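2 protein chains.
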Amino acid sequence: MDIKHFQDRFNVHFENESLLKQAFMHTSYVNEHRDQSLEDNERLEFLGDAVLELAVSQYLFRQYPHMSEGELTKFRANIVCEPSLEQFNRDLSLSQYLLLGKGEEASGGRERPAILADAFEAMMGAIYLDQGFETALSFLETNIFPNVEPGAFSHVMDYKTKLQESMQKEGKNVSYQIIDELGPDHNREFVAACYVNDQKIGEGRGRSKKDAEQEAANEALQKRQS
Amino acid sequence: MDIKHFQDRFNVHFENESLLKQAFMHTSYVNEHRDQSLEDNERLEFLGDAVLELAVSQYLFRQYPHMSEGELTKFRANIVCEPSLEQFNRDLSLSQYLLLGKGEEASGGRERPAILADAFEAMMGAIYLDQGFETALSFLETNIFPNVEPGAFSHVMDYKTKLQESMQKEGKNVSYQIIDELGPDHNREFVAACYVNDQKIGEGRGRSKKDAEQEAANEALQKRQS
Numbered sequence: 001m002d003i004k005h006f007q008d009r010f011n012v013h014f015e016n017e018s019l020l021k022q023a024f025m026h027t028s029y030v031n032e033h034r035d036q037s038l039e040d041n042e043r044l045e046f047l048g049d050a051v052l053e054l055a056v057s058q059y060l061f062r063q064y065p066h067m068s069e070g071e072l073t074k075f076r077a078n079i080v081c082e083p084s085l086e087q088f089n090r091d092l093s094l095s096q097y098l099l100l101g102k103g104e105e106a107s108g109g110r111e112r113p114a115i116l117a118d119a120f121e122a123m124m125g126a127i128y129l130d131q132g133f134e135t136a137l138s139f140l141e142t143n144i145f146p147n148v149e150p151g152a153f154s155h156v157m158d159y160k161t162k163l164q165e166s167m168q169k170e171g172k173n174v175s176y177q178i179i180d181e182l183g184p185d186h187n188r189e190f191v192a193a194c195y196v197n198d199q200k201i202g203e204g205r206g207r208s209k210k211d212a213e214q215e216a217a218n219e220a221l222q223k224r225q226s
Numbered sequence: 001m002d003i004k005h006f007q008d009r010f011n012v013h014f015e016n017e018s019l020l021k022q023a024f025m026h027t028s029y030v031n032e033h034r035d036q037s038l039e040d041n042e043r044l045e046f047l048g049d050a051v052l053e054l055a056v057s058q059y060l061f062r063q064y065p066h067m068s069e070g071e072l073t074k075f076r077a078n079i080v081c082e083p084s085l086e087q088f089n090r091d092l093s094l095s096q097y098l099l100l101g102k103g104e105e106a107s108g109g110r111e112r113p114a115i116l117a118d119a120f121e122a123m124m125g126a127i128y129l130d131q132g133f134e135t136a137l138s139f140l141e142t143n144i145f146p147n148v149e150p151g152a153f154s155h156v157m158d159y160k161t162k163l164q165e166s167m168q169k170e171g172k173n174v175s176y177q178i179i180d181e182l183g184p185d186h187n188r189e190f191v192a193a194c195y196v197n198d199q200k201i202g203e204g205r206g207r208s209k210k211d212a213e214q215e216a217a218n219e220a221l222q223k224r225q226s
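These protein sequence lines map, in sequence, to chains A and B.
Each residue of the first sequence is one higher than the one before, starting from 1 at the first, in my numbering.
Each residue of the second sequence is one higher than the one before, starting from 1 at the first, in my numbering.
Hints in this document: simulated from the structure, not taken from any laboratory.
A portion of the hints provided could be inaccurate.
Unchecked claim - Residues from chain A that keep clear of chain B, each with C-beta distances beyond 10 Å, as calculated: (1) I3; (2) S93; (3) Q96; (4) K102; (5) G103; (6) G108; (7) E111; (8) E141; (9) P146; (10) K172; (11) A193; (12) N197; (13) K223; (14) Q225.
Unchecked claim - Covered stretches of chain B (in silico footprint by chain A; criterion: 3 or more residues with CB under 8 Å from a CB of chain A, positions within the stretch not fixed): (15) 34-40; (16) 43-49; (17) 61-69.
These numbers come from a predicted model, not from an experiment.
Every residue gets a Cβ at the ideal spot worked out from N, C-alpha and C, and that includes glycine.
Modelling step: build the complete structure from the supplied sequences, incorporating the hints.
Written as structure tokens, this is what we have:
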């Protein structure tokens, strides 16, 4: 791989450049070069996964101050998952740096989602190990988080739309009503009820009326699945 | 809670002391003080979970340079889990700082494993948010990791002992043999076979003979479970 190209392009300069090379070294490459003392990128992937979890967690924590723990956890799982990590790899054209064995290369490994996602994680592990958490975080803030915003993943939590679409197929009608308001003015909580054909099938609470309705729709969806 | 006592004891001094208080604030306490604008510790717990994942990952990564990604992942899951986090809380006598509602207090909430584990995570989230990752990491290096070592969790991966115990009950005999050695001297890999009553039931690879035998035992255990 062209280590210099990578470092200049992203303005991340490694103390130990072999770590960067290792991040893109697939196990198929290592197996074909047993004479050299190489290590594949799997352990770095283990580390990079945790770097991503924390970086994404603190990003969501600050970005969505009213989101509940449960919503944050779901949101995070939808960012730190193979399809998203594969996409991040593609967004940054990282597959050019991959080191693959001949067999893997011939069978299309350079386009394989798992290989692309794993290399993205391993790269984050290498940046963390060589440069520390703050540099890893700022790499993501510069190159990845701007693409996550605004709302690239918000469909994940839009329960009202999901319920609406599912009920429409069955020819049913969905409506919402705020049935209670709790707490003092500066710390208001709303309780919403969700009705399908005028029958109440869900209830939810939230800091805003919209959040409460979302939670009511979520409960309605869960009841229908169970 | 006695914020000063905590800070002096652990030598961690918060810019925003209300974050530390929030880390120990159970939702039952917030529910009983609706007149104050309080937030419970659940969002901090979300963040702290990720702080722990990364801190433990980098600790294991450095501590066990020959452990595979799969082994590291299993090991991490056995450290960042409710029973361990509850224990960390008890080791540091953190339950004294908990803020609980009266009902929760009366029903023994101060001893409840989930509440103790969650508060430990939330505390790590608060330290990270206020003082950054390096301080959170050094808190764990000072107060927690020394208890993890040496081998407090290693039983988790001791497949040979597990297999031995399970076979003894059935009156069967377990043995191992190194059946192959691969790679150059400086990067040797061993292949071990595991036999029960002289019948081969598992094979494994490792950087050392012991590791290879462990992996062979692991395969044998998995075959027996499936």
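Violations among the numbered hints: none
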